[in-house]
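Trainee: Using the sequences and the hints, build the whole thing.
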Amino acid sequence: MKRTALFSVLALAALWAGWTIAYFAIGNEYILPSFSQTLVATGRYLASGAFYAAFFHTLGRTVVAFLCSAIAGTLLALLSYRAAWARAFLAPVVSVLRTVPTMAIILALLIWTSPAAAPVVVCVLVLFPAWYAAALAGLDEVGREYGDLARVYDVSLSRRVFRMYLPLAAPVFLGQAGSLLSMGLKITVSAEVLAKTYRSLGGMMQEAQTFVEMPELLALTLVTVVLGFALEGICALVLRFAVRWKR
1 MKRTALFSVL
11 ALAALWAGWT
21 IAYFAIGNEY
31 ILPSFSQTLV
41 ATGRYLASGA
51 FYAAFFHTLG
61 RTVVAFLCSA
71 IAGTLLALLS
81 YRAAWARAFL
91 APVVSVLRTV
101 PTMAIILALL
111 IWTSPAAAPV
121 VVCVLVLFPA
131 WYAAALAGLD
141 EVGREYGDLA
151 RVYDVSLSRR
161 VFRMYLPLAA
171 PVFLGQAGSL
181 LSMGLKITVS
191 AEVLAKTYRS
201 LGGMMQEAQT
211 FVEMPELLAL
221 TLVTVVLGFA
231 LEGICALVLR
241 FAVRWKR
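Take 1 as the starting number for the sequence shown in my numbering and just add one per residue.
Worth flagging that the hints you see were computed from the coordinates, not collected in a lab. Just to be clear, a hint being listed does not mean it is correct.
Said to hold, decoys possible - No more than 25 Å apart at the CA atoms, straight line, and that leaves these computed lysine to any residue pairs for SDA-like: (1) LYS186 - ALA133; (2) LYS186 - ALA130; (3) LYS186 - LEU237; (4) LYS186 - MET103; (5) LYS196 - VAL121; (6) LYS186 - ALA13; (7) LYS186 - GLU213; (8) LYS186 - LYS196; (9) LYS186 - LEU239; (10) LYS186 - ALA83; (11) LYS186 - TYR45; (12) LYS186 - VAL100; (13) LYS196 - ILE71; (14) LYS186 - GLY60; (15) LYS186 - PHE24; (16) LYS186 - LEU227; (17) LYS186 - GLN37; (18) LYS186 - PRO129; (19) LYS196 - GLY175; (20) LYS186 - LEU15; (21) LYS196 - VAL172; (22) LYS196 - MET103; (23) LYS196 - GLU213; (24) LYS186 - ILE71; (25) LYS186 - VAL172; (26) LYS186 - PRO101; (27) LYS186 - VAL238.
Mentor: Structure follows, in structure tokens:
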């Protein structure tokens, strides 16, 4: 644990050193401001009520999209696990969703929906294939280990799902949750930038870029990165305590 923490600190120090070297090499704060200027801009945001409104709107969109993807992905993975026709039907659908350019989805959704709804829909469409694949892999693993046992003892379907499949596959689900939630935040913010979503981190980034406010732009980027790390850390803690019984 201590060695892992040490390497994490060294990685952060290397990133800071790279930023500082690039700042002095470029010598133009309109292209790349210093780390201290970025921190000052971050402090101004943290003292602003408008920033917190944007922050929590973006966080809310991310969490809603993540939960929708998790619920839909888990339910359809259960269906695919139980029915071969559902697995065959969903395979090309998931492949298409995985390969469709995110930019194309955002541009289309801006015509069909509002700038506030588009980031949520985009995030769901991107996260769903990843969650579905992870859930199906977890269920397949449980089936290989315990499927024959359940059939021998004639365990009912409802008991298999809620007492065996979901609890035993939970470590696989939770193991993917952190990275998917962090990715969902990145997708949501990117969609907000393109959609110029009001009261959002992405919308504030777009505004900062329009007025060439680079310290503010990098401050918002730094906040987003820290939030992503925090979400991954929360999911890691949940995984650690939720599956302790399995050890």
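Trainee: Hints first: check each against the structure and report whether it holds.
Mentor: Here is how each hint holds up against the structure:
| no. | hint | in the structure |
| --- | --- | --- |
| 1 | LYS186 - ALA133 | 20 Å, holds |
| 2 | LYS186 - ALA130 | 15 Å, holds |
| 3 | LYS186 - LEU237 | 21 Å, holds |
| 4 | LYS186 - MET103 | 14 Å, holds |
| 5 | LYS196 - VAL121 | 15 Å, holds |
| 6 | LYS186 - ALA13 | 23 Å, holds |
| 7 | LYS186 - GLU213 | 21 Å, holds |
| 8 | LYS186 - LYS196 | 15 Å, holds |
| 9 | LYS186 - LEU239 | 22 Å, holds |
| 10 | LYS186 - ALA83 | 34 Å, violated |
| 11 | LYS186 - TYR45 | 19 Å, holds |
| 12 | LYS186 - VAL100 | 17 Å, holds |
| 13 | LYS196 - ILE71 | 28 Å, violated |
| 14 | LYS186 - GLY60 | 13 Å, holds |
| 15 | LYS186 - PHE24 | 29 Å, violated |
| 16 | LYS186 - LEU227 | 10 Å, holds |
| 17 | LYS186 - GLN37 | 23 Å, holds |
| 18 | LYS186 - PRO129 | 16 Å, holds |
| 19 | LYS196 - GLY175 | 33 Å, violated |
| 20 | LYS186 - LEU15 | 19 Å, holds |
| 21 | LYS196 - VAL172 | 36 Å, violated |
| 22 | LYS196 - MET103 | 14 Å, holds |
| 23 | LYS196 - GLU213 | 16 Å, holds |
| 24 | LYS186 - ILE71 | 20 Å, holds |
| 25 | LYS186 - VAL172 | 22 Å, holds |
| 26 | LYS186 - PRO101 | 15 Å, holds |
| 27 | LYS186 - VAL238 | 21 Å, holds |
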